[in-house]
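Line by line, the protein sequences are chains A and B. For reference, each letter of the first sequence is one residue, going 1 to 290 in the numbering used here. For reference, each letter of the second sequence is one residue, going 1 to 252 in the numbering used here.
One or more of the hints may lead you astray.
[Claimed, not checked] Chain A stretches covered by chain B per the calculated footprint, using a threshold of three residues with CB under 8 Å from any CB of chain B:
hint: 1; stretch: 26 to 37
hint: 2; stretch: 82 to 94
hint: 3; stretch: 257 to 271
Worth flagging that the hints you see were computed from the coordinates, not collected in a lab. Note that CB positions come from ideal geometry on N, CA and C, so glycine has one too.
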Amino acid sequence: MIDFCGIELAHPVINASGCFDVLAARACFGEELIERFPFSAYVSKTVTLAPRAGNPPPRLWESAAGMINSIGLPNPGIEGYLDEHLGEYAKLGVPLITNVMGSTAAEFVALLAALEDRSEVAAIELNVSCPNVATGLDIGADPRGLRLLLEELRPLTQKPLIVKLTPNTADVGACASAAEEGGADAVSLINTLRAMALGYGGKPWLGGGSGGLSGPAIRAVALAQVASVAERVAIPIVGMGGVSSGADAAALLEVGALLVAVGTESFRDPAAGARISAELARLFAENAGS
Amino acid sequence: MSAPFGRRVAVVVSRVELGAYVVLEVADDATPAAPGQFYMLAAVERWGGGEDERPFLGRAISALAARGERRVAFLLEDVGPGTRRLCELEAGDDMYLVGPLGRGFVPPEDGQEALLVGGGVGIPPLAMFQEAWGGRALLGFRDAQRAPGASLFDNPEVATDDGSVGHHGPVTDLLDRVLGEGGEFVLYGCGPPGLLEALRVRALRHGVAAQLCLEAPMACGFGACYGCVVETTEGYKRICVDGPVLDAAVLV
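Excised from the complex, chain B in its bound form:
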């Protein structure tokens, strides 16, 4: 299914704080996103003129949910001028949307168990995945401010870097334990680069398939700028149109 051509204006219908994160729900009656797909987001008002006269470009943000209620939701964390402005939006504010964009996750085959391994603000594609196809969620967060992100999942196991919630240590500790139990697993991952690399290495070591949802700053999100490439065994791939979900086996 194609995304509508062009940038459209959508209205924020709700803003809920989830610890350090903000969940924005936006009214939109276009094609719903599939798990792993993303949108290019910008505020209609005051997009620009912030720190260092930014933001200027849209921000690529994964869909958190497309609930069939003509709404799409996003999980945001203030990490720079673009996400700061998006986090400021309130119900009733206008937002620009382009999307849904990119290639999402492929569900597991019969008999395979999906292990959803997420870190921080990278968890939305996995929350959507679990809602659509199920799977066992292993989530890592920095601290108790961010651990409430786990409430977006059914029966998650949580690790925090500072030990304030759940297991004290990286989420890969949880993964190593589960992989050690044995089973027909497929890994689905989204999170910071270090986590994705750790998942790629474990997938190789255990002979397990892995689909990783990648991120890079993007100017356009629709394959025009060639700015978001990642190196693969088949040369540079654009994360926006060849991904954001890529098979771990092609990453180098």
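Just chain A, with the same shape it has in the complex:
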């Protein structure tokens, strides 16, 4: 068992937010999904205060050893999430982490208030990759702003707060450190790297203009950023970015992550999390035996 912010997890592999819709997957794969559930905790897609339709298509671009997405965080809003999704997620048999995003501190406050009495939610992950309306910077890219946000939010909930750090910043270690000072219980990284692709006539291909790069293309960046954050903070780290194998997961754990999240690889293989977790256990066993 792993103790993650007081939550007991059976193994170190969870899903990256937005990369696994269990309700849709259950409709495709039936009960076998639940019986062989690949993750030790389930992280929801990002939930916002109001419902969002998401970005106009096209939303995907296959890039060199990865993909760029411009999905735009479609979600039913916090009310729809609580009414329609939470009950189903609670049946998964693993702790639930709800990922939320606000474009202002007040929106985060309202989201936390809505989740506070819901015992199904074990922890809250804060998506701080939304641009600050005043500065245009991602909230999570500005260490001072991030610390102030956490200082405001931390007293409002009993639940562990995980800050999902953006890699689109000059010094991710400084952001992680600011989150910790503000009261974050854990940090998770890396989110996707800002990227774009050109279509016909030199116009942006993606309906949203630019998007986020993920997959093996960003694995080495993730390793460097997790290592740099591990040098700066004492709180637990969820490492992610291009993890496709047990060896990739082991590398992130080696440089200081406590948990590893699988994102894009689940698109290629719905059961990738289970395979990666099994490969990781095999690597541990081999190391213990040598």
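Position chain B against the provided structure of chain A, taking the given hints into account.
Quick look at chain B alone, frame taken from chain A:
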């Protein structure tokens, strides 16, 4: 019926060239596909490292046949790094499969005649449909290299863009003639976006029901990535789990 959870390895048992197309038959004892359903396909070896270091993601490919012989077949055309690699596979090669996925066609009611209107490499769901439930096939192809796809159907009428086989012109010419004859028709369509739009417009104009099998690049095929959406009267729908077959009346 659910698809097996996870990606599985299946062996290619035969590869047959059909003009510009390749038909791959793959050994698989999972739930057979229904007409209109699809699989996510990838080669086990050398998936990646092609043009621009692609392919990376699986490719969503309609089932062509599920013959109850523990086999599933696919019709492929080399149109990019993913389909190129799939077209290279030979008997004995390993392939990754996820599926069958998505919602397929609903058969016509008693007294209705199914008109199957297909274009190019989009014909497989209609070939499966005809095998299961019958129907009159109207098929359009670019040229004589692709017209051999019609051999997958019983009694098809064929149109080609260059006039090399059958009617010289778009397949909608054939459809307009049949619709003009009158009858209790239901349209079933699969093909390029322009054809699907033409079918949607004709269905509206003639007051005929139409089920259209859509396509979009997909990262996952099982509703996880939200990448393959299409705009409908009820907002964005994921083609992979809400489709790929959608009622033409909900499309905008």
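Going through the hints against the structure:
no.: 1; hint: 26 to 37; verdict: holds (count 8)
no.: 2; hint: 82 to 94; verdict: violated (count 0)
no.: 3; hint: 257 to 271; verdict: holds (count 7)
The structure fails to meet hint 2 from the earlier list, while all remaining hints are met.
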